[in-house]
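**Q** Starting from the known structure of chain U, fit chains Z and V onto it as the hints suggest.
Protein chains in written order, with the numbering used here: chain U, 12 to 153; chain Z, 12 to 153; chain V, 12 to 153.
No lab work stands behind these hints: they were computed from the structure.
Same chains, same label: a pair holds when it works inside one copy or across any pair of copies.
Here are the simulated DMTMM-like cross-link-like pairs (lysine to aspartate or glutamate), alpha carbons at most 20 angstroms apart as the crow flies:
(1) Lys33 x Asp95
(2) Lys139 x Glu125
(3) Lys33 x Asp143
(4) Lys33 x Glu113
(5) Lys139 x Glu57
Since the structure is predicted, the reported quantities are computational estimates derived from the model, not experimental observations.
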Amino acid sequence: MELFELEARESIRDLVARYNAKGDAGRFDEMLALFAEDATFEFEDETLEGRAAIRAFFERVAERTGSGRAAAFVRHFTGTHQIDVISERAARGRCYYAVLTERGLDHWGRYVDEYRMIGDRWLFQRRKVTLDAAVPGGWARP
Amino acid sequence: MELFELEARESIRDLVARYNAKGDAGRFDEMLALFAEDATFEFEDETLEGRAAIRAFFERVAERTGSGRAAAFVRHFTGTHQIDVISERAARGRCYYAVLTERGLDHWGRYVDEYRMIGDRWLFQRRKVTLDAAVPGGWARP
Amino acid sequence: MELFELEARESIRDLVARYNAKGDAGRFDEMLALFAEDATFEFEDETLEGRAAIRAFFERVAERTGSGRAAAFVRHFTGTHQIDVISERAARGRCYYAVLTERGLDHWGRYVDEYRMIGDRWLFQRRKVTLDAAVPGGWARP
Numbered sequence: 012m013e014l015f016e017l018e019a020r021e022s023i024r025d026l027v028a029r030y031n032a033k034g035d036a037g038r039f040d041e042m043l044a045l046f047a048e049d050a051t052f053e054f055e056d057e058t059l060e061g062r063a064a065i066r067a068f069f070e071r072v073a074e075r076t077g078s079g080r081a082a083a084f085v086r087h088f089t090g091t092h093q094i095d096v097i098s099e100r101a102a103r104g105r106c107y108y109a110v111l112t113e114r115g116l117d118h119w120g121r122y123v124d125e126y127r128m129i130g131d132r133w134l135f136q137r138r139k140v141t142l143d144a145a146v147p148g149g150w151a152r153p
Numbered sequence: 012m013e014l015f016e017l018e019a020r021e022s023i024r025d026l027v028a029r030y031n032a033k034g035d036a037g038r039f040d041e042m043l044a045l046f047a048e049d050a051t052f053e054f055e056d057e058t059l060e061g062r063a064a065i066r067a068f069f070e071r072v073a074e075r076t077g078s079g080r081a082a083a084f085v086r087h088f089t090g091t092h093q094i095d096v097i098s099e100r101a102a103r104g105r106c107y108y109a110v111l112t113e114r115g116l117d118h119w120g121r122y123v124d125e126y127r128m129i130g131d132r133w134l135f136q137r138r139k140v141t142l143d144a145a146v147p148g149g150w151a152r153p
Numbered sequence: 012m013e014l015f016e017l018e019a020r021e022s023i024r025d026l027v028a029r030y031n032a033k034g035d036a037g038r039f040d041e042m043l044a045l046f047a048e049d050a051t052f053e054f055e056d057e058t059l060e061g062r063a064a065i066r067a068f069f070e071r072v073a074e075r076t077g078s079g080r081a082a083a084f085v086r087h088f089t090g091t092h093q094i095d096v097i098s099e100r101a102a103r104g105r106c107y108y109a110v111l112t113e114r115g116l117d118h119w120g121r122y123v124d125e126y127r128m129i130g131d132r133w134l135f136q137r138r139k140v141t142l143d144a145a146v147p148g149g150w151a152r153p
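Chain U on its own, in the form it takes in the complex:
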């Protein structure tokens, strides 16, 4: 494994951790900064193009589910992260996620990602979120 690949993989792991940490904390500015300006975000039947549209989506979700509404907190765990580095500036990945609230396991699914190095930072060029299942009456399926 070449050094650029080691660096890419470490940076991508960091990116994936920060996405969930920022999102769970409601820090949408910092979360949005993890996306390329022209990134695509897909969730169920919605495809959002560009940071502004992605921001609007997260603000809509937060309005319904924000702090103290659907749950006191949400914590996204990710796992089984496969990273495929394609070049010095492009990579793909996929991983699982599982979300805990104060009531326990709430919902879980998968992320399928494309990463790009833009300037000197690895960012999401595309993230597709799949919901595999959710506990009825919880955060994701109120």
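**A** The following block gives chains Z and V in isolation, referenced to the frame of chain U:
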């Protein structure tokens, strides 16, 4: 930490992720390719020697539990992965796993591993799977 | 990312894994060796200063919850680990944890950490543990 150890640890983390990703997806050819030709796989009272025997074991499990039978899907999360690099071509590791199906947490346990670099790839030389607990009526304990 | 940062991040990830692996196995000597001699450990309203005080805390917890008492086993999974390397010898981090016993998910929360390189090893200089929630009648809330 020397560069070869960084590379080894990153490659081993990747190996451990791919094992579960491939297994959960039913891609046994790709999963088997992660084992050394003469690898050992242990589960409960069974010890399987070599890729052919390991393949037969997984095919038997899949027959009982494959897609749409015992569960709509299985997702293995691993965590708390300790990696001990012994030399440029040998390492040991251990980690926890937890499996989600569409019904939630299904079963969980531990992997104890030996890794070898064979050619230019890190592979499983030995994997021992321990089941710590399982939800009755689920995938692992139907 | 410079090579020292790659090494720091890998070493810190290893540190965080070993803390839980050693703790879950009741290997307190090895667990304590992961803390700086003058480390601080915070949990709820307690602040423990130095390895001797931290050891006394863990021995007290073990007396109440040790092997076969509150649970047959505990397995700490960590996730969403953000690591911020400040210098060649100082870093900060935070991550989530979730604990399984033989009954399933037991309790979950967060670690907020300061790491220091002391000699040639990264150690905990400070760890703050927050309990977010626990299943009633389990290990953490008997």
